[in-house]
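Participant: Quick mapping for you: the protein sequence lines, in order, are chains A and B.
The numbering of the first sequence is my numbering, which starts it at 1 and goes up by one.
The numbering of the second sequence is my numbering, which starts it at 1 and goes up by one.
What the hints contain is simulated information worked out from the structure, not anything from laboratory work.
Certain hints may be false.
Calculated lysine-lysine pairs in the BS3-like style (CA-CA distance at most 25 Å, straight line) [to be verified]:
no., chain 1, residue 1, chain 2, residue 2
1, B, K108, A, K137
2, A, K137, B, K161
3, A, K137, B, K104
What the simulated footprint calls covered on chain B by chain A, stretch by stretch (three residues with Cβ under 8 Å from a Cβ of chain A suffice, anywhere in the stretch; the number is not a length) [unchecked claim]:
no., segment
4, 86-92
5, 181-191
Ideal placement from N, C-alpha and C gives every residue a C-beta, glycine not left out.
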Amino acid sequence: MAKMIKLVSGDGAEFEVEEEVAFQSKIIKDIVADADDVIPLPTVSSKVLIQVIEYCRKHAAVNSFPLSPSSSAAAAASSSSSISYSKPVSDPALRAWDNEFVKLNNSSLFDIVIAANYLDIEELVDLVLETVADRIKGKQAQEIRRQFNIENDFTPEEEEALRRENSWAFQNN
Amino acid sequence: MPFKSLVRELKEKRDGPGSVPKRGWRGGGTTESKTIAHSGGCSQRTPWQHPPNLEQPQERWANLPPELLLDVIRRVEGSEVSWPARRNVVGCAAVCRLWRSITKEVVKSPEHCGRITFPISLKQPAPRDYPIQCFMRRDRATSTFRLYLGLSPSLRMQNDKMLLAARKIRRATSTDFVISLTADDFSRASSTYSGKARSNFLGTKFTVYDSQPPYDAAISSRNRSSNRRINCKQVSPRVPAGNYNIATISYELNLLRTRGPRRIQCAMHSIPLSSIQEGGSVPAPRSFTHAVDEQPSGAPATKGKEPVTEFSDGEPLVLKNKAPRWHEQLQCWCLNFRGRVTVASVKNFQLVAAANPSCSISPAEQEKVILQFGKIGKDIFTMDYQYPLSAFQAFAICLTSFDNKPACE
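Working from the sequences, and respecting the hints, build out all of it.
Facilitator: Set out below in structure tokens:
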């Protein structure tokens, strides 16, 4: 019988998951090492925790049976760097699953970003940050602000100067 | 800047200095809820409590932890390498102040990454070991010249990234090549004005003027007042365009060999000779946009005829054209343009550092072609430039070859 870990969401729901699923989160792995089997996660709501567990379950199954030497080598290489850049998941089926997983609105995506970072789940952080980057590409500043609800804190004079910079960048000869 | 200190600085900006990151692991004791298996539904639950630290929906993305925002912007910058996609990096820098300061940290200068990103990149030196390759298109009807990034014109013109444009304006006693960020506006009062090259009456000597100081450090010139550095975040709506004399270009007529190449010499007042010696570097502007980033130094605009500065460590860099070799078999003068120039023209040239008896320049450095310019078709030229030149300087030098005076042909 696989060892079970109990995760408690911010709104009080409890989730029992297999150890290898929970250990996708480095933080949880460290805590359990200190002999604590019940882990409160006050800043993660149950809605988000369910999604995160779903991701971890899917990826735990793949990680225990790595498909190719390159995928485990990539995982080993990535764990040594402090900032992970995009390392494409080698299994096309898993990649397709990941792409479906991140079909979320910006608000839900934000929740996953925060939770994945908090729990230190490297591959999930990589996936969602790459998704955020993709949503930024191809957009001008105004649209980025609108999509991500970011306030424009430049003064009107600065705006004028930025307009020159942007019209140079976006001009069509 | 080391990553850890950048993150700390950004966190302080956001939270205020001395704040503690909000992570609580061992929060409280166990709750009283019943255990539920993951796959099943919920049985009994404690009343739902609002999770702490949940910001208002509108502000959420603005409170993204800075290290994550840095990661995201790095990804955008790392993948949008060529134009036109690279404009997305400029877009990131215009979202808000925090995004701008992160983008500034992420984007490296052309010297270190070989990429042009912001307008200021046009006034920063190219890489040391390989050139940035551009091409120029001349429009005779409007006396306009356009500089593009890329090896040669692409099939679809929309994909070519225009860097700078220039217009030739003939005056009674001189010719001006006015340089601008856009081909629609060559007015000197406009914010797109970048500088100009002005000839003397005979067309044998040109002075290149930059609209902004060539570097941020206090310019140590004869100006007494300029030895303080202005670091204010204040914005002035229109920084008056200065005229900083940054280079003098002279052409020598080839009297003896009328069919041979003319001799060009460029004295680069804003580039010290030491920049091409061991361990040397070029002081270059780092501020992207006058109004938004740090102000340049307080030196008043010198509408001066004098060169911009004197260097404490020696003379300015002088460039001269590489002498072609006489090819006996082909019966012509030859320069190896490495495939980048394909049509014979008296305008074709290569510039290298002039040997200086007093200061040592290594033979390897003397061999490096710092600027190469030549024709590849009707009204189309290639321009490859390398450290320590910037795109603006290279463009200005090449433009001077289009002044059709007897001394130049």
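Participant: Could you run down the list of hints and mark each one as holding or not?
Facilitator: Tested hints:
1. B:K108 <-> A:K137: holds, 19 Å
2. A:K137 <-> B:K161: Holds, at roughly 18 Å.
3. A:K137 <-> B:K104: holds, 17 Å
4. 86-92: holds (count 6)
5. 181-191: With 4 residues closer than 8 Å to chain A, the segment 181-191 of chain B meets the three-residue bar; holds.
Checked against the numbered hints listed earlier, the structure breaks none of them; every hint is satisfied.
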